[in-house]
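K.L.:
These are the residues of each chain, in order.
Number of protein chains: 4
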Amino acid sequence: MVIVLKPGTEKAKQAQLVDWLKGMGVGVHISEGDFQTVLGLIGSVDGIDMELIESLSIVDSVKRVSETFKCCNRKFHPEDTVVSVGNVKVGGGHFCRIAGPCSVESEEQIVGIARAVKAAGADMLRGGAFKPRTSPYDFQGLKATGLELLKIAKQETGLPIVSEIMSAADLPLFEDVDVLQVGARNMQNFDLLKELGHVDKPILLKRGLANTLKELLMSAEYIMASGNENIILCERGIRTYSDYMRNTLDLAAVPMLHELSHLPVIVDPSHATGIARMVGPMAMAAAACGSDGLIIEVHNDPIHALCDGAQSIRPEEFAVISAKIDAVRSAAFGEVASGAESGAVPGKAGGSVVSIDAKGDRNRKVV
Amino acid sequence: MVIVLKPGTEKAKQAQLVDWLKGMGVGVHISEGDFQTVLGLIGSVDGIDMELIESLSIVDSVKRVSETFKCCNRKFHPEDTVVSVGNVKVGGGHFCRIAGPCSVESEEQIVGIARAVKAAGADMLRGGAFKPRTSPYDFQGLKATGLELLKIAKQETGLPIVSEIMSAADLPLFEDVDVLQVGARNMQNFDLLKELGHVDKPILLKRGLANTLKELLMSAEYIMASGNENIILCERGIRTYSDYMRNTLDLAAVPMLHELSHLPVIVDPSHATGIARMVGPMAMAAAACGSDGLIIEVHNDPIHALCDGAQSIRPEEFAVISAKIDAVRSAAFGEVASGAESGAVPGKAGGSVVSIDAKGDRNRKVV
Amino acid sequence: MVIVLKPGTEKAKQAQLVDWLKGMGVGVHISEGDFQTVLGLIGSVDGIDMELIESLSIVDSVKRVSETFKCCNRKFHPEDTVVSVGNVKVGGGHFCRIAGPCSVESEEQIVGIARAVKAAGADMLRGGAFKPRTSPYDFQGLKATGLELLKIAKQETGLPIVSEIMSAADLPLFEDVDVLQVGARNMQNFDLLKELGHVDKPILLKRGLANTLKELLMSAEYIMASGNENIILCERGIRTYSDYMRNTLDLAAVPMLHELSHLPVIVDPSHATGIARMVGPMAMAAAACGSDGLIIEVHNDPIHALCDGAQSIRPEEFAVISAKIDAVRSAAFGEVASGAESGAVPGKAGGSVVSIDAKGDRNRKVV
Amino acid sequence: MVIVLKPGTEKAKQAQLVDWLKGMGVGVHISEGDFQTVLGLIGSVDGIDMELIESLSIVDSVKRVSETFKCCNRKFHPEDTVVSVGNVKVGGGHFCRIAGPCSVESEEQIVGIARAVKAAGADMLRGGAFKPRTSPYDFQGLKATGLELLKIAKQETGLPIVSEIMSAADLPLFEDVDVLQVGARNMQNFDLLKELGHVDKPILLKRGLANTLKELLMSAEYIMASGNENIILCERGIRTYSDYMRNTLDLAAVPMLHELSHLPVIVDPSHATGIARMVGPMAMAAAACGSDGLIIEVHNDPIHALCDGAQSIRPEEFAVISAKIDAVRSAAFGEVASGAESGAVPGKAGGSVVSIDAKGDRNRKVV
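Residue numbers (this note's numbering), protein chains in the order written: chain A, 13 to 379; chain B, 13 to 379; chain C, 13 to 379; chain D, 13 to 379.
One should not assume that every hint holds.
Note that identical chains are pooled: a pair holds if it fits in a single copy or bridges any two copies.
[To be verified] The list that follows gives simulated cross-link-like pairs (lysine to aspartate or glutamate, DMTMM-like), each with its CA atoms no further than 20 angstroms apart: (1) Lys143 with Glu63; (2) Lys75 with Asp150; (3) Lys143 with Asp61; (4) Lys34 with Asp313; (5) Lys87 with Asp255; (6) Lys155 with Asp61; (7) Lys163 with Asp190; (8) Lys143 with Glu66; (9) Lys163 with Glu117; (10) Lys75 with Glu227; (11) Lys226 with Asp255; (12) Lys130 with Glu328; (13) Lys82 with Asp150; (14) Lys143 with Glu227; (15) Lys34 with Glu117; (16) Lys226 with Asp150; (17) Lys130 with Asp190; (18) Lys87 with Glu22; (19) Lys18 with Asp72; (20) Lys155 with Asp58; (21) Lys87 with Asp72; (22) Lys25 with Asp313; (23) Lys226 with Glu63; (24) Lys18 with Glu271; (25) Lys75 with Glu44; (26) Lys75 with Asp61.
Quick caveat, the hints were computed from the structure, so don't treat them as lab data.
Here chain A stands alone, though its shape is the one from the complex (with noise of 0.2 angstroms):
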């Protein structure tokens, strides 16, 4: 960590600073230059609590020397990390299609959705089992009684199934998902992510309504520090003042979410933008800038027949968008793999996906 203070401090102030720092056990190095001193820590800093140290008035600023993610970091592990579900794989140049309706409701439901999607393209099927509802009079779910309907459905056509787990405590009953989905509210429950991390199944980690991009990571970071690596970030919209849609996509999240970290990045339009008329549009825009996948609501419910607002599309619609992404993908950075072992480009590892500048790699240059 190197501490830099501002012009003009007091030489008293600054021996109290070092004098707190040596009685917090690293070492000082004082490099004072004619414009700035700058403090620079040696030993192990994890006691030092960057932002008091920062808040003091003396301080200009402090900058860690060491990166503060390290697991997702692509500085430390170049090549694109790939998450295998099954014969699935997402990251690293594949592809992935995650479809399926935003709850559970029957097996009827489940398993004609789950047979129109993956004729349609899917990859995995998704269905809410345990639903996050702003108001508690709101339908939670289905539950365990979800959970087993999506296991039929997952026996009936072979698709891997992803769903979203609000507590730990409810883990013993998603033994047969295949990819834990961390919602958006979900994304800071600290205590949650640490039991995921113990846990040997990939996460699908949301960011949440208003968080960076730099917490997003850093909620990553508490899964892979607990040990698990198989982590699929989703950009799914923030909360910003625009009308007409729900929330606001952020795309260019997903290069630069690529520059940062080596984790595969996939996008849910369904979601951000809360209308079925904005997914496609907002699919292909997803696959140009090189995301990893798209996770989208499907329904093949008679009263969305309804409805062209709702954010749901029907599985037509989806095989339309499914069927153009591989000619987007591939206008966009040549030759692609899509996520079906089948479609993989064996040894490709990513390295073209992202790049649209001249010398065709991506720039892996973290900011």
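Given chain A, put chains B, C and D in place with the hints provided.
P.N.:
Same frame as chain A, now just chains B, C and D:
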């Protein structure tokens, strides 16, 4: 529930929706006006997903005839709720001062600060034992040991203690904690909220980083619907593009929450601004607009002496703020009561506390 | 205009409002439903302040039967507007590439870049002569001299020129400028907008820093209502709490603006992200979601060679992006046309450009 | 200006930057520390674009040694600026009450309200003649006629008048207006600001919808750098995701602006909340945190009698608020002065006005 259809809706689509609603087990009363057709639902609408209906292309708007929030709604409970913590009361004209360090660090520290803030007018002691940190590598608090030290400070001073709980699994450790705090990051951790509904202790519920007032009240509703009605709401700043300060303190939330709900509302100027120099002015402002209390970070750590930018103030600064509060409240609202039992004004019930209008009583109208 | 009264409104208050409305010169048709009373206003409602009515305590909501925006509304003008700038067309299936430096600095610089971007596929040249700067002490642009230099670059290359105008008083200086740009900070400078309504040149209208899509369209409406219908809308990022990048590019605005309005919509990935490395991915994404063009900062200044963080890219990077655009659009929408006349597909009129749905045509529904 | 290079910068790149800087006509002093190399620029740095330098990949940070804002900076002008408007003073311990209708509608209306607010304690009269409206089809104000009516109200009551100016071209019409208001939408209309710098009248500068405090101060700087130092800053709420209210009133801006600048700061609780019932509590809060005044919408129009949701309050409500202000300020800061000359406390200069700390004087430290 009332469903307003769009002008010019086709009769066939209308019939399809009515059939679907009847299939869900509710009666439907159709009222055709000159401009719009309105469907009134009769019977239990618990199974009807309001958001789904709203998203239908033929639907203009959906309104609940019954209110979204029930337990915390002032409409159904016009009198202010007064939360009692030992001899201390919060709400209904009782103003509560909660003070203490960000984190519990040692017995000497917490007992020292407890004594100092008690002498300076504090009604309760705050101190973090479980710390929600963005980074897994930052100090996570002394945990169980921290709670033990808080207990000692309570024994030494008689001050009730407030501390943050991050997981229902930790509840047994909080037996001697008087008020359980739910932090901003867990405001929509619905599983935690439900568990706290079964606890027989007051809950201090902080507003999330980017949450609306309705979402805050719905989170209170989660706790109340599970049986615990002793909730203190807390405005602590929201995330915006504001510079110079950490968050934007939304003080208008205080009178608006008072209008919408009967629950007490306190303000945290320390986390909202992140700057010690701003704590005083914002504490005065919070008192002047009808807040039922303040939660303020106070330190007595020598390293902070180097600092006037951090969010913690010194005990002597807290004493000055504390002393001015009653005068400000008296100037704004007339005769007032402090949180400590001895200073209470029996039967006052906060009637005149937030009123500034000519009629001399709080306007309780729900918007 | 339709005024929906709250359930249970007192008849006396209703009568008072009806009298006031009649006094304003409109007829009032009262329709009493089982749940709500609706007042339909007959005649000219231009003198009625909708916001005032909406704020009345007895009023539930107010709706305009006629649309808020008229001139730019797709409902009243279903065909895409194609803006012509010399031989270049924007909109209706014509994709336009605008490139050039942030500021005009010298003849050598602007002519050099103009030649480079023309060779790389640009349809128009951008360059700032009047610069809106946060600080009065920062470089304010070469002003009239800058416009003269742009004119030279136009003569040398044949590229039409785009430059920002900050005050109607400067209009005489912009005689040779082909497209007048209104910057984000002036999006609601209504006096400037009105003046530009009398100008016989296309206007490039950028979305303000924190403005909604409706506000953007209303600003376009100011220009169109004054007589100038040649407007190109531009999404350039909005201010949020996002880290790592300057603004948050709201790409979903592209298909939504296309749905609401017939005006062409282009995207500025340079200002939106502020980072050269993000320009390529966001340009691909913009093309993939149906944008009608891009405006990109390109430099050839040696100082920028030290830099991969600034928002300007090199001409050779622009050439790579430019070359991929058509392939991406073709992948997403089928056969497409470029902005240059020679590449146009006559009679195409953008019909299939943003459509991703099964029916193969753009959904023009206004929400 | 000081340029801090990144650790490990190649010497060749460093030399290239130093050469470029020298080519721009500044001297460069190189200070190589153990951790970082710092370049100190000597001579005039007016031609150096700080943002460009900051964006270079070898640059860690750039700092101005001289402050960004000069004229409005408290560091260079420690005493509070007191703006005089006729007999009324604003700032330096003088609290100013500005009241009046949103729009001037008729002589009867504006004279009636002027008399009512004067009787209720107002120091100045506000009234809109030129109205910035989102829609070109909404009422744009009575313009010149409105200003004439304001003049009559001024003659009748002696109250100085405040009205918004939207274009420098209208300046001749504002001859009899005492304070020129720049609205939120024009805060960064730099051409208008420059013109107002040449005017010999106080300017009321409102904070823009999503602007930072630094941007607000830089806009004040535009006016001051052109010669007009009589500026009153106004916090009027920023755009966030807050529900129930129109904007989020950022009251912490008041003490922070007082710390950064010597200019007076007033608060507009009417536009900030958009709700009459919230005006009183927010006016109390503004007074309690050190605001130098309030600008409040007051109506006497019978249609408003139907309404308690609109942002305008009645004269009798304004009288209650006005009467409590002095008591609140006295409680928070000790002895205080009102805006009217007769009530002024000579020589007070605001020293103790916003201070809440133990030392009894305003902390003027610039962050």
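K.L.:
Taking the hints in turn, state whether each one holds.
P.N.:
These are the hints, each one checked on the structure:
| no. | hint | verdict |
| --- | --- | --- |
| 1 | Lys143 with Glu63 | between (36 angstroms within a copy, 14 angstroms between copies) |
| 2 | Lys75 with Asp150 | between (46 angstroms within a copy, 14 angstroms between copies) |
| 3 | Lys143 with Asp61 | between (37 angstroms within a copy, 13 angstroms between copies) |
| 4 | Lys34 with Asp313 | between (66 angstroms within a copy, 16 angstroms between copies) |
| 5 | Lys87 with Asp255 | between (38 angstroms within a copy, 19 angstroms between copies) |
| 6 | Lys155 with Asp61 | between (41 angstroms within a copy, 17 angstroms between copies) |
| 7 | Lys163 with Asp190 | within (10 angstroms within a copy, 44 angstroms between copies) |
| 8 | Lys143 with Glu66 | between (40 angstroms within a copy, 19 angstroms between copies) |
| 9 | Lys163 with Glu117 | within (13 angstroms within a copy, 48 angstroms between copies) |
| 10 | Lys75 with Glu227 | within (17 angstroms within a copy, 27 angstroms between copies) |
| 11 | Lys226 with Asp255 | between (26 angstroms within a copy, 7 angstroms between copies) |
| 12 | Lys130 with Glu328 | within (11 angstroms within a copy, 42 angstroms between copies) |
| 13 | Lys82 with Asp150 | between (40 angstroms within a copy, 13 angstroms between copies) |
| 14 | Lys143 with Glu227 | between (23 angstroms within a copy, 16 angstroms between copies) |
| 15 | Lys34 with Glu117 | between (61 angstroms within a copy, 18 angstroms between copies) |
| 16 | Lys226 with Asp150 | between (32 angstroms within a copy, 15 angstroms between copies) |
| 17 | Lys130 with Asp190 | within (16 angstroms within a copy, 51 angstroms between copies) |
| 18 | Lys87 with Glu22 | between (38 angstroms within a copy, 19 angstroms between copies) |
| 19 | Lys18 with Asp72 | both (5 angstroms within a copy, 16 angstroms between copies) |
| 20 | Lys155 with Asp58 | between (41 angstroms within a copy, 17 angstroms between copies) |
| 21 | Lys87 with Asp72 | between (27 angstroms within a copy, 18 angstroms between copies) |
| 22 | Lys25 with Asp313 | between (69 angstroms within a copy, 15 angstroms between copies) |
| 23 | Lys226 with Glu63 | within (16 angstroms within a copy, 23 angstroms between copies) |
| 24 | Lys18 with Glu271 | between (32 angstroms within a copy, 19 angstroms between copies) |
| 25 | Lys75 with Glu44 | both (17 angstroms within a copy, 18 angstroms between copies) |
| 26 | Lys75 with Asp61 | within (12 angstroms within a copy, 25 angstroms between copies) |
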